[in-house]
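Asker: What follows is each chain in one-letter form.
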Amino acid sequence: MFKRLTQLFFSIREYLLLVGLLVTSLTILSFNDSAAIKTVRTYGFGSFALFSSAVNNIASIFIDSDEIERLKKINSELMLEVNLLREYGLENRELKALLSIKNELNHSLIAASVISQIPSQVRGDFIINVGKIDSISAGMPVIDEKGLIGVVYETTENFSLVRTLKNSSLKVTGKVQKSNVHGVITWDGTDLLMRNIPTTSDVQPGDRIVTSSFSTIVPPSIPIGVVREKSINISGLLTDLVIDPFVDISSVRVLYVVQFIESSDVEGLELNLIRRN
Amino acid sequence: MKDKLHPIILIFTGLLLIQITLVPFITVEFVGPDLLLILLCYYSIKYGHTYGALAGFIMGAIFDLASGGALGSMMFAKTLSGFLAGYFCDENKFKERTFTLTFSIIIFGIAIVDSFIFTLLSSTTANISLINLLFRHNILSALFTAAVSLPLILITRDKKLV
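Residue numbers (my numbering), protein chains in the order written: chain A, 1 to 277; chain B, 1 to 162.
Source of the hints: derived by calculation from the structure; they are not laboratory data.
No residue lacks a Cβ here, since even glycine has one placed at the ideal position from N, Cα and C.
If a hint is listed, it holds; no wrong ones were tucked in.
Here are some chain B residues pointing at chain A (derived, C-beta under 7 Å):
1) T21
2) T50
3) A53
4) S67
5) F83
6) N132
Far from chain A, by Cβ distances over 12 Å, these chain B residues were calculated:
7) D90
8) K93
9) F94
10) F99
All chains, full assembly: derive it from the sequences and hints.
Answerer: Printed below as a string of structure tokens:
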């Protein structure tokens with residue numbers, strides 16, 4: 001009997017090993033939100049980012065990066081300002097008294113470079129070369145001169161992990177700028193979508209989508225993209241808006257972290273599904 | 001086993017740096033080659049299931065840690081990929097399977113499985129269109145990886161990696 005069991009064990013040991021390793025992987029995956037695993041992850045990407053940063057520094061010797069970064073920063077600031085002016089123009093046209101709306105351009109920008117990126121269709125994450133030492137904290141929005149890129153998710157002393165719009169886990173509250181229709185924007189692996197918008201809403205292809213004042217993560221009026229098409233749900237009552245993002249996230253190299261301090265009152269509403277650390 | 005794992009870990013560390021820092025420059029719309037998978041397939045075909053699964057497990061763990069992503073997703077995908085690639089292990093046909101077009105075909109098949117499993121485990125939303133992803137991106141990524149393996153076959157043809 002024992003001999004048979006031993007023979008059986010040796011004949012299927014490769015499969016037992018495989019099952020053991022797969023179960024271990026799944027177990028670790030299921031505990032990803034625990035504090036211990038988060039600490040290991042933060043330490044892991046922080047350590048590796050040092051090497052990545054060194055490789056990037058060697059590559060950047062041949063580029064006049066200071067001048068490019070300075071100009072890009074000016075572009076980003078102008079983008080925010082132009083968009084805010086556009087917002088004011090629309091609001092003024094509608095003759096609304098808007099003096100009480102708090103969306104002033106008073107956030108400072110911290111320049112950063114992407115030092116590594118994961119080519120994944122559902123998990124577009126960046127590691128950038130600024131961290132706690134540069135006053136970066138989890139939850140700060142990340143932009144470039146064209147618009148919103150994502151949100152800082154984790155930070156170490158010198159590096160940060162950015163969860164981009166092309167990450168299915170990130171959900172940002174946005175609005176159609178022309179008609180003030182609000183919705184949650186998500187990445188479905190192929191397209192950026194604003195889901196479950198009432199079919200009767202005044203939304204047309206070409207309309208601009210910007211961040212909403214309802215968002216607890218990002219300041220309002222940062223451009224996200226334009227509506228490419230409307231796809232009506234089976235029920236016919238709701239529509240999903242397919243959005244073409246302004247930023248080509250896969251080719252971003254230089255970006256800016258916005259030092260945005262959210263209102264604690266608004267954060268209490270928990271309109272966004274991402275939580276700050 | 002320990003002696004066999006040392007060289008792969010050294011080559012892997014170098015490739016991991018290239019994968020995370022330089023590969024994004026040749027990535028189009030998140031479709032890019034997976035250099036680590038090519039290495040894993042090579043060693044799995046050479047040493048078999050057990051080695052493939054263990055090497056894949058270690059590679060996946062290091063990749064997950066280095067990339068800051070969900071710990072366990074790449075571990076699972078690479079463990080399974082390493083094990084599957086081990087099915088092509090045959091001492092008598094090793095050269096035939098690693099230094100010819102057959103190697104790229106094997107990589108193409110394994111890359112589809114690897115990419116799909118990784119996508120499945122990385123996604124936290126139920127709304128993700130996985131079938132769409134499989135056809136539009138995973139197959140393209142697998143083709144890219146298989147294409148990158150072609151020049152590697154020519155370069156390493158007369159060189160012994162281990």
